[in-house]
Structure formats: structure tokens, C-alpha cells
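*Asks:* Start from chain U and add chains W and S according to the hints.
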Amino acid sequence: MFDTLLQNILNALQWGSFYSLIALGYTLVYGVLRLINFAHGDIVMVGAYIAFFISSLLLGQYGMPAFLPGWAVLALTIPLTMALTSVVGVTLERIAYRPLRRKGANRLYVVITALMAGLILENGNLLVLGASRKKFPELIEKVVYKFGSTYVTNLKIGVILTAILSFIGLHFIITRTKVGMAMRAISYDKFAVPLMGIPIDTVIVFTFVLGSSMAGLAGILFALSYPILDPYMGMSIGWKAFIAAVVGGIGDIRGAFAGGFILGIIEISVVAVFPSSYRDLIAFSILLLILTIRPTGLFGVAQTTKI
Amino acid sequence: MTLLEIKDLTQLFSGLCAVSELNLSLGESELIGLIGPNGAGKTTVFNLASGFYQPTHGEIIFQGRNLAGLKPHQVSALGIARTFQNIRLWKEMSVLDNILVAQHFQLGYGLGGLFFRTPRYLKRERDIRHKALELLEIFKIDKFADEKPGNLPYGMQRKVEIVRALSSGPKLLLLDEPAAGLQSTDVTELITLIQWVYDQFNLSIWMIEHQMKVVMSLCSRIAVIDFGRLIASGTPSEIQNSPEVIKAYLGDDQL
Amino acid sequence: MKRFSVPILLVVLLTTLMGLAWFEVIDLYIQTIVLFMGINIITSTSLNLVNGNMGEFSCGHAGFIAVGAYVSSILSVALFTKSRAFGAPLLPPELAAYGFPLVLIIGGLAAALTGLLVALPSFRTRDDYLAIITIAANYIIISTIINIDTIGGARGFMGMKRVIFAMEKCAEIPWMILWVFIFMVISVIIIRRYMSSTYGKGVEAIRQDEVAAEIMSVNTNRIKLVTFMISSGLAGVAGGLYAHTVGYVNPKSFDLLKSTEALVMVYLGGMGSISGSIIAAVVFTLMLELLRPLQIIKWVAIPLLLIIIMQFRPEGIMGHRELSDIFPRLKKFYKFK
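Residue numbers (our numbering), protein chains in the order written: chain U, 1 to 307; chain W, 1 to 255; chain S, 1 to 337.
For the record, the hints were derived by calculation from the structure and aren't laboratory data.
Here are some of the chain S residues that sit facing chain U, going by a computed Cβ distance under 8 Å:
1. 128
2. 129
3. 132
4. 135
5. 136
6. 139
7. 140
8. 143
9. 144
10. 147
11. 260
12. 267
13. 310
14. 311
Restricting the straight-line Cα-Cα distance to at most 20 Å, the calculated cross-link-like pairs of lysine to any residue (SDA-like) are:
15. 71(W) - 211(S)
16. 146(U) - 7(U)
17. 190(U) - 34(U)
18. 298(S) - 232(U)
19. 103(U) - 312(S)
20. 171(W) - 198(W)
21. 71(W) - 219(S)
22. 161(S) - 89(S)
23. 161(S) - 253(S)
24. 91(W) - 209(S)
25. 91(W) - 321(S)
26. 213(W) - 195(W)
27. 171(W) - 78(W)
28. 103(U) - 313(S)
29. 298(S) - 129(U)
30. 131(W) - 145(W)
31. 91(W) - 320(S)
32. 148(W) - 326(S)
33. 148(W) - 88(W)
34. 123(W) - 196(S)
35. 247(W) - 20(W)
36. 252(S) - 232(U)
37. 252(S) - 288(S)
38. 169(S) - 98(S)
Small disclaimer: the values here were computed from a predicted structure and weren't measured.
Virtual Cβ for every residue (Gly too), placed ideally from N, Cα, C.
The shape of chain U in the complex, shown without the other chains:
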């Protein structure tokens, strides 16, 4: 009994890590631009595919000589994937979102554009790579630690630790660096910020870099844990992570981080007790209940309306 509980807690933390990393990306962009970047889930998918191709390349799949051991491939894949995924995110911002913002389009048109961009990423992938699913290579040897009768893999620990470390890093950037301060300033007052001589576009691009690289990281970790890739894998996990971000209090990275873990814990506990087909039903009902009790989310602050 206790063992299954421990096992479930670990699973919950693992899923929580995925959701948290993705929710961080949502919340960063939302905090700065008030834009629900619905393409974000699909950027996670793109991240997973980029990781797949980089690691396959390094492992000698495409004619390149394989000279690196698995752990070194992983060590190279992570930063490369994060970098390339942020290129995708920034490209979206540059060619789709920014022109609309410049034209002063209604905020919701930008959201629709994001939805469409997500569809293009999903179906474009299907179009280019075909319907066959990709199997992500096993980069690190699986080590199973045994505590009592609970089994823990090194991967699971790695995922959870990476999520926590990324959050700490992100928190440092947001609270302690100049660019982080600029990001927070924009979320308070985007009209005053350019007047203070802060290059607003640079800050926005940086936000997308941060958010998309988190998505890329989530993509790798997810692919390592569940190594079958398909073009629609990001959609559902993305929507859910967005909900997690809102429950945490959107716009606040602590909220996104906590919200992701809460969602993970709720989902795993539901599955532990009920048949798995009840997962969405019960998990979302609980999230709605939390939002009804705390409308601003866990870390959100109620904004006062001024007359």
C-alpha cells in the first residue's frame, strides 16, 4: 500500500514536471503580452521532434559517424534542442504575432492566429514526416534504484530535478536580472515601458526564447520518458498545462510551477482510484472547483479596478 503510494507520488511529480515546464512558457508569454499562446503545446511537440533528429544524427543515423556515448549525446541534445525550439518560437512571434500587434488588432485575433499556428505545426509535421510514429532513441541507460519495494528510475529523478532546477534558474532571471525586471515592468504597464527607453521588442523576443526553450526541454524530457512521438502529442498536454498555469495564477511563474505539479498530482490520484477514462472528468472538475474558490488562482493577485 505504502509502496504504491510512493510510486504514485513519484509518477505525479514526473507528470507535474512536464506540466510545470510547459505552464512556465504559457505564463511567461501571458505575463508579458496578455497573449494566450495556444501554439505553445505544439512547440513542445516540435521540441521533441527536434531532439529526436539531433540525437539520431549524433547517434549516427544519418550517415554521420557515431563517436559519442549516449550521455554525451544527451548533453549535446539538450542545449541544441532548447536553442532550436526557441528559434521556432521566436519565428512565430516575428512573422505571426508581432505584425498583428503592430496593426493594433484585437488581442483575440492574435490568440486565433496562435491556434492556427498550432494547427500548422501539427499537420505540417504530419505532412512532412508522414503518419509513421517515431521511436525516440534510448540515450541513457536505465538504472533502477530500489527502495524497499519501490522502484525509481534515474530518468524519473532526472526529470523532476531538471524541472526544479529550471524553475530556480527562471526565477533568478525574472527577479534578479535587468531583462527579467523589464519583463515584469511590461506586464505592469506596457505603455510606460518604451518611454523609459526599454527596447520592448527585444524583451518580448527574450520572453519567447525563455518560454520556447522551456517547451523544448519539456519535449526532450517527455520523449525520454514516453519515447513514441506523434504530431498531436503536444496538443492535449498543452491545453492542460495552460489550465494548470491559470490555476496557479497566470502571469506568475511560481503559480505556473505549482499549478503544473497540482495538475500532475490530481491526475495521478484520480487514476489511482478511478478507471483511467475518468481522469479528465475528475481532474478538470477539481481544477474548476479550485478556480471557483480562488478566482485569481493560487498565486494570482486580484487587480483592483480604478475609476
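*Replies:* Below, chains W and S alone, put in the same frame as chain U:
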């Protein structure tokens, strides 16, 4: 007869005391002013009186009825209307529609009537429209009825906002800095307008205003607050000579 | 002339369509496309009420469509046909033609009630929280359907074609064209009457300045609730029509992709414009069908096209205007607002 009575009104914003133990009363057909330095809590008093905030402490009695727990739309249905410091007209609706919507509490028809266009619905819509047009005509802005408020000059927007407030037939009109942002010729016009409204519409007016010219020439009584506290109250000339008021506006060392 | 122009036009259009279908000038495929157009008009105009006029952001319209589709399908199958799930018909099948509109309306009411449940918690929240609540509601509704085995669960529910056959016993006419047409016209009339009344103008006031609306005596919570219920109720009617047109429903066909389609139609048409929503529904349905031969390319081409359209017309086809604002001469024939 007292129309509005404010008793021990206190409003705290997470520790900040915006209004503190304010006592004030307003009679029927009175025109009084509320002045004070910036940030003294004047608009907060208006927000409390229009039901937008619920007071932390104390009560507001309007025509013998305690306003505690009422939503702003209920307060306005009781007969308190207001204007805003920065004009808050619905910018994408025509001037006429702006006036129509402000009569929302007295539509007098239900959804059934609306969907089936019952005679009652049609009559009520006609009446409301008629009343709105009449009001626009009285204020000589009927030629702007189909115009969007955003296309009107600032002074005209102020006027439309006052007409919108009047369209609900209030017993008490709260004017929040009606002269803010107006040129001096417009201010003179505004003074005439307010005086005219006061004479014609059988209501009480309570206004916040920084321009002394407006307050001094219109109000029979003026209340002065500073840091949320009532520091003086009396006729314009009394206020002008009150050392408390001069201290609040100009600071101690000027004395 | 002004009074009768539109009714005459509508009657002519309906009889032409019914005639063409009856004499089999247009085949079943084209009929289905025409039916989808009508259904999509209801979907887009009803979502437009919340997203365009009220300025909220509802993302889960398909959830309400699902409620309407399932409730009306279950009712009509149980009442008028013999089925494995519910046994013998509860009413004589000859009544199907008369009972069907009632069944649709009940489906709509069920969806409106669901809308009420969804809208209630959203008052305490602000901004984009309605987006999240409706997305969650969409998930919850689909998940609920999947978990009810009596109505087919994830496999879906069918038997609605037999309801149509039952109707055809009464009279041999293309019934669905008639029903879709009638309910589409009623929906548009409901929305138009609502938005042109002073009561409905409160919705616009909420979008433009909610604080001012509340202080100027508009009961904002009540209006939001009513508007959301009208919107979700009409979506439910659209769902019922969809289920009976296709003859088969499946929880997957009401996922967030379907909600996205509804959103696209609203924004393509222009927020708050009824004629825009109608035009967008027709254009979008046609686009989906015309590009069908492209198969998977279609699902890249359409979003791409929409992104490009939005770059050039960031306010949709019609903006916030109606047809009569663009062609003032139309006012002679019809009062749009």
C-alpha cells in the same frame, strides 16, 4: 429633508486608510461640493456612494435606505447617478444608445417580450427612445444622436456623460471633476449647465472639483477632506478663510 | 416592400432548396454541405454573441454543441424509433415530424442549462478566465459522455437516421433541409432581436466598459448569464441538427478542434457582426469542402490562409459592421439594426 446621510464612513485598502470616519449629510435640492488635495479620498467617497466599494465600516443612508450590500446597478436604480473623472462613455455606441442603456433598470419588459416583440415591449422601447431623444433635445445635442462619442470634442463628451447620468432620473447626481480637462471658456459654459440642470431637474448635486471658480460659484456648501478625513465644512466664503483648509492645500510653513 | 423583402427572399430560397433536393437536382453530398452551412451559421452567430458582442473569450463552444447533439439524439431515438439501447419507441413513430422540433428545443435547453453551470463560476473571475473555464468544461462534457456506456461511450451513438425515415413516413420531403433552415432563421432572429433591444445593448456596454455599465444601472452579472445561456442554448440546437444530419455522433467530433472551428468562423467574419458571422460560416464550410481533395494539406492550407487573411484584415471580413453599413442601399429593403 436629508437625502443622503453618511455616518462614520471608513474605507481601508489593505491597511491604507482612504476614508476615515467621515460624517456628512446632504439635503434634498442641495448643491454641495467636495474638495481636497490630490489623493485625499474624494473619488473613493463617490465610489462608496455609488456602491462600487463596500465600506469597511460605517454606513450610507439614501432616502432612509441603507446602501450596504447593494450592487452598483441597484444603487443607481434607487436614484444615484454619477459621472466619471475620466469620461467613461461607451465609445463604440452612438450617443443615443449610450443614453438608452443607462435606463436599463426601468426597461419594464422581459426576455419573452423581447423575443416575441410584444406590444408592451414595442411600447416600452418607443417610450425609452422618446425620452432619450427628448433629453438630447433639451441639451441641444440631438444632432449628435447617431454620432460615436469618441468623435465629439471633449467638452461635448462631458455634456453627454451628464445627460447619460440624468437619463435614469436620479434624485442625486454625483459629478466627479466635471471641469477636468476643459478650457476656460468651456468651464464657464459648464457652470451655467450645472446650474441649469440643478434648477430644472429637481435633484441634488454633489460634486468633486478642483477648479475653485466652479465650486465657489455653484455650491451652497463645501466639504473639505484631506487624508480621508473631513477637515472643514461650510459656505464657500467660510472655506476660503479656514486655516485648516489653507494648511491642507499649501502646507504648514506657508502660514 | 421593406417589411416583406426578407421573408419573401427566405421563402423563395427554402422552396428552391427543397425543390432541388426533391427532384434530386442536387445530390445528397451537396445537400449535406448546404445543411452544414446552415448549422455552422447557428454555431458562429451564437458564439459571436459571447465573443464578439460581449467581448468575453469562450473557447469551448463544442461542449454545448455536444450536449445539444446528445440530448436531442437520445430523446428522438428513444421516442420515435426502436433501438437496442432504449427498446421500442415510446411514442408512435408517425409523430416524429411533429416531435422533432420539440426534441431539438429540449436539446437546446439542456445546453443552455449547461451554459448556466459554466457561466456561474466565471463571474468571480476576470479576463481570460472564461477561456479556461470553457476549455475545461469542454473536456468535462466529452469525458462525461465517454464514461456513460448506455449512450455508446467513446464508440458514439447512432440511430438518428431512423428518426428521419420515420419523418419521411409522414411526408416524403427533404425534412432536414426544412428543419435546418427554420432553426437557422429562428436563431438569427433571436440573436438580432436580442442585440437590437436596449436590453441587449447592455451586452455591448459590458464589452466597452463593464464598470460604467454596472454603475449606469446595467445588471452586468445577469446579462452575462442570459447572454451566455442564449449562446450555449443555440449551440445546443445546432448540435441537435448536426447529429440528425450526420446520423451519428461521437464524443471526438466535439473536441477542442470543433471549438476552434467555431472560433475561426467568428473571427473570420468580424467580431460582433451578425452578417459577418453568417458570411464566414458559409465561406468556411465551402472552403472545408473545396479543399477536401488536398487531404492532409488542407489542414495546413486552411490555417495558413486564415493567418494570412488576419494579417491583411486584422478585424475580420466585416469588422464590427453589418452588411447595411457597407452597402447603405440595403437599408431600403431591410432594417439591419
